[in-house]
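All chains should be modelled from the sequences, with the hints used to inform the complete structure.
This is what each chain is made of:
Protein chains: 2
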Amino acid sequence: MSHDYNKEAMELHALHHGKIETKVKVPMENRDDLSRAYTPGIAEISREIGRDPSLAREYTIKRNTVAIVSDGSAILGLGNLGALAAIPVMEGKAAILKSFAGVDAFPICLDTQDTEEIIKAVKQIAPVFGAVNLEDIQAPKCFEIEERLRKELSIPVMHDDQWGTATVVLAGIINALKVTGREGKDIKIVVNGVGAAGVSTSRLLLAYGFLNILFCDSKGIIHAGRADLTKEKQELLKASVANASEGQLADAVKDADIFVGVSKAGALTSEMVATMRKDPIVFALANPIPEIMPDVAREAGVAVIATGRSDFPNQLNNSLIFPGLFKGALAKGIKQFEITTFTKAALALAGHVKNPDQENILPTMFDKELVDVIASTVE
Amino acid sequence: MSHDYNKEAMELHALHHGKIETKVKVPMENRDDLSRAYTPGIAEISREIGRDPSLAREYTIKRNTVAIVSDGSAILGLGNLGALAAIPVMEGKAAILKSFAGVDAFPICLDTQDTEEIIKAVKQIAPVFGAVNLEDIQAPKCFEIEERLRKELSIPVMHDDQWGTATVVLAGIINALKVTGREGKDIKIVVNGVGAAGVSTSRLLLAYGFLNILFCDSKGIIHAGRADLTKEKQELLKASVANASEGQLADAVKDADIFVGVSKAGALTSEMVATMRKDPIVFALANPIPEIMPDVAREAGVAVIATGRSDFPNQLNNSLIFPGLFKGALAKGIKQFEITTFTKAALALAGHVKNPDQENILPTMFDKELVDVIASTVE
Numbered sequence: 293m294s295h296d297y298n299k300e301a302m303e304l305h306a307l308h309h310g311k312i313e314t315k316v317k318v319p320m321e322n323r324d325d326l327s328r329a330y331t332p333g334i335a336e337i338s339r340e341i342g343r344d345p346s347l348a349r350e351y352t353i354k355r356n357t358v359a360i361v362s363d364g365s366a367i368l369g370l371g372n373l374g375a376l377a378a379i380p381v382m383e384g385k386a387a388i389l390k391s392f393a394g395v396d397a398f399p400i401c402l403d404t405q406d407t408e409e410i411i412k413a414v415k416q417i418a419p420v421f422g423a424v425n426l427e428d429i430q431a432p433k434c435f436e437i438e439e440r441l442r443k444e445l446s447i448p449v450m451h452d453d454q455w456g457t458a459t460v461v462l463a464g465i466i467n468a469l470k471v472t473g474r475e476g477k478d479i480k481i482v483v484n485g486v487g488a489a490g491v492s493t494s495r496l497l498l499a500y501g502f503l504n505i506l507f508c509d510s511k512g513i514i515h516a517g518r519a520d521l522t523k524e525k526q527e528l529l530k531a532s533v534a535n536a537s538e539g540q541l542a543d544a545v546k547d548a549d550i551f552v553g554v555s556k557a558g559a560l561t562s563e564m565v566a567t568m569r570k571d572p573i574v575f576a577l578a579n580p581i582p583e584i585m586p587d588v589a590r591e592a593g594v595a596v597i598a599t600g601r602s603d604f605p606n607q608l609n610n611s612l613i614f615p616g617l618f619k620g621a622l623a624k625g626i627k628q629f630e631i632t633t634f635t636k637a638a639l640a641l642a643g644h645v646k647n648p649d650q651e652n653i654l655p656t657m658f659d660k661e662l663v664d665v666i667a668s669t670v671e
Numbered sequence: 293m294s295h296d297y298n299k300e301a302m303e304l305h306a307l308h309h310g311k312i313e314t315k316v317k318v319p320m321e322n323r324d325d326l327s328r329a330y331t332p333g334i335a336e337i338s339r340e341i342g343r344d345p346s347l348a349r350e351y352t353i354k355r356n357t358v359a360i361v362s363d364g365s366a367i368l369g370l371g372n373l374g375a376l377a378a379i380p381v382m383e384g385k386a387a388i389l390k391s392f393a394g395v396d397a398f399p400i401c402l403d404t405q406d407t408e409e410i411i412k413a414v415k416q417i418a419p420v421f422g423a424v425n426l427e428d429i430q431a432p433k434c435f436e437i438e439e440r441l442r443k444e445l446s447i448p449v450m451h452d453d454q455w456g457t458a459t460v461v462l463a464g465i466i467n468a469l470k471v472t473g474r475e476g477k478d479i480k481i482v483v484n485g486v487g488a489a490g491v492s493t494s495r496l497l498l499a500y501g502f503l504n505i506l507f508c509d510s511k512g513i514i515h516a517g518r519a520d521l522t523k524e525k526q527e528l529l530k531a532s533v534a535n536a537s538e539g540q541l542a543d544a545v546k547d548a549d550i551f552v553g554v555s556k557a558g559a560l561t562s563e564m565v566a567t568m569r570k571d572p573i574v575f576a577l578a579n580p581i582p583e584i585m586p587d588v589a590r591e592a593g594v595a596v597i598a599t600g601r602s603d604f605p606n607q608l609n610n611s612l613i614f615p616g617l618f619k620g621a622l623a624k625g626i627k628q629f630e631i632t633t634f635t636k637a638a639l640a641l642a643g644h645v646k647n648p649d650q651e652n653i654l655p656t657m658f659d660k661e662l663v664d665v666i667a668s669t670v671e
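First to last, the protein sequences are chains A and B. The first sequence runs 293 to 671 under my numbering. The second sequence runs 293 to 671 under my numbering.
Derived by calculation from the structure, the hints in this document are not laboratory data. Quick caveat: nothing in here was measured; it's all calculated off a predicted structure. Hints may be right or wrong, so weigh each one.
Because identical chains share one entry, a pair is satisfied inside a single copy or across any pair of copies.
[Claimed, not checked] Straight-line Cα separation of at most 30 Å, BS3-like style, residue types lysine-lysine; simulated pairs:
1. Lys-624 - Lys-299
2. Lys-480 - Lys-511
3. Lys-443 - Lys-412
4. Lys-317 - Lys-299
5. Lys-570 - Lys-660
6. Lys-480 - Lys-556
7. Lys-443 - Lys-624
8. Lys-525 - Lys-546
9. Lys-433 - Lys-530
10. Lys-415 - Lys-315
Below, the structure is given as structure tokens:
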């Protein structure tokens, strides 16, 4: 039976008015209960935290609570719909964090889209939270917001659209290489789309040691001769050893081993695939319609095709990663996420599949062991 | 058996790491569930809210969620301990809202104590919330923050330290007058302490029609000859018909029917009580030690003594009011609280006690009907 998920989602959300609620985890039945949970007993705890702020982690929800922060400027693939329209998505992330990792999370949808104001607002609301998950914030401002918050806050901050995707892609590539019998890090990769996910995926691949990467954006190959490159694109170009010169995506993919698309529907054609190396690996992550449909990709000779969709094999989904990362970060009380946090998590995610094959390069997010496998890598 | 609530509270909070958690209210077991609760189904909801922002109330937690906002500048009676130390108190409010009224609430403890920054931050985080409960914010900035937010936000905003207290005091006075057989609004009231609670309590008493009020602060009677009066104190003075002239609290209480203390321990002596009218009414609300202890008050001839403490009769507690007010405000989707919201709630609270007596002027917060009695008055 096929589903009309749009309709079913509307019905579900209208019935429950959202997806999360508050639950009280201490008794609240009588005066004695309230004297412990509220006044007068609570005064001593406030005094203690006032004396030693680190005790907030011991006595409050700070220990296990993540802020899911968005300005609604890049909601899913829908664009800039603003703070209110972001609520259902942020609630969804909160529901996943709780269901899959036991981590409490609360949506903070900001009624500002100014970089400095977002940074300031997140710093101002930070006391209650043990970590911050940035979400659906437009590139390039998402880069500065994340970078600044990591420096200026003492709780871990991660833009999941960047690092969730990056980590899952690295894990997927590691196992796709195994499946196709490739070795070594000199394989050629093309990353198409250099927005939030593209930049961080590229950064992580480079940090891991894949140095032969060509980057493409809507204007074609990113090369030194272009005058329109953002700071991030210039940085990627500098870190890659690939020989980047003027050209389009079709030129870039020639002799490539791997195509990573975080761009738009239909960007990769069968003709382009035919020019890639034998048994190419294609991650077509545009949502909801991928850069190339899996059946078309296979017919064109792709050995491993992965998408962001749940209705095809090899779904590369941030939900494989972020619940475990936040669970681990909160449990260990780490000060900040580092790029090594993500490489370690990617290796653990890849290693968790004992025998990857063409249609199963990664586990599913319903794998009960996965969250703790990822969480245990955080330090 | 007597309790060491400080110790028990510490143990409770260390065990649970806070008092509230997230609960997921939709199924999250398999891919179908996630396709409704998250992508792809969620996209349609974001699109709909993008088209018509009022639908956020239908499809998200906005409908039933209150932000409990503090800057930690006036925590309980402890003073300015900052945002982290405020978390246990704000969690306590959230736990009370959920347990008593089924209203979801989340603590927002702000790492700023600047009036303009607080106003801005609350406006920026408002999209997710259906109402705002300001809490433990110093006077006089709490007045401007509340006033501005009421004007600049389209969701109801209430500083509970002001209006929760004011409403309970008005209700208590209404019933204490019945108990002592008084009638008419020309009775003489002295309000001692003109901070957050004192100002709003006075405003509400004046709005209700008690016009013969003398106000005292730490420097004595507030009168027109003083050059140090805040905007709020000048406004109260102007609205009262009492003849205010230079003097101390001892002068003010002479021939008073009612003493309302929101000041400090021991402010009211037996000697002062002896100068009040026959069968005086004393609300000694300083916490944890009242302006006069109940046994001392009785011995001095007080007819009705109320305090803020749960270990004496007649506890005047904000928790009698704010759960019902927020429940009603969210259910009705009102735009803003008005002063009439509080007079109506006070009348309902007083009226809910069929036969008030000296030791039972108001119901307890554990009265199961109370929340809906209060909620039904909100419109």
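Taking the hints in turn, this is what the structure says about them:
no. : hint              : verdict
1   : Lys-624 - Lys-299 : between (41 Å within a copy, 27 Å between copies)
2   : Lys-480 - Lys-511 : within (20 Å within a copy, 80 Å between copies)
3   : Lys-443 - Lys-412 : both (13 Å within a copy, 23 Å between copies)
4   : Lys-317 - Lys-299 : between (34 Å within a copy, 18 Å between copies)
5   : Lys-570 - Lys-660 : neither (36 Å within a copy, 72 Å between copies)
6   : Lys-480 - Lys-556 : within (21 Å within a copy, 75 Å between copies)
7   : Lys-443 - Lys-624 : within (19 Å within a copy, 43 Å between copies)
8   : Lys-525 - Lys-546 : within (21 Å within a copy, 79 Å between copies)
9   : Lys-433 - Lys-530 : within (21 Å within a copy, 52 Å between copies)
10  : Lys-415 - Lys-315 : both (26 Å within a copy, 25 Å between copies)
Of the numbered hints listed earlier, the single one contradicted by the structure is hint 5.
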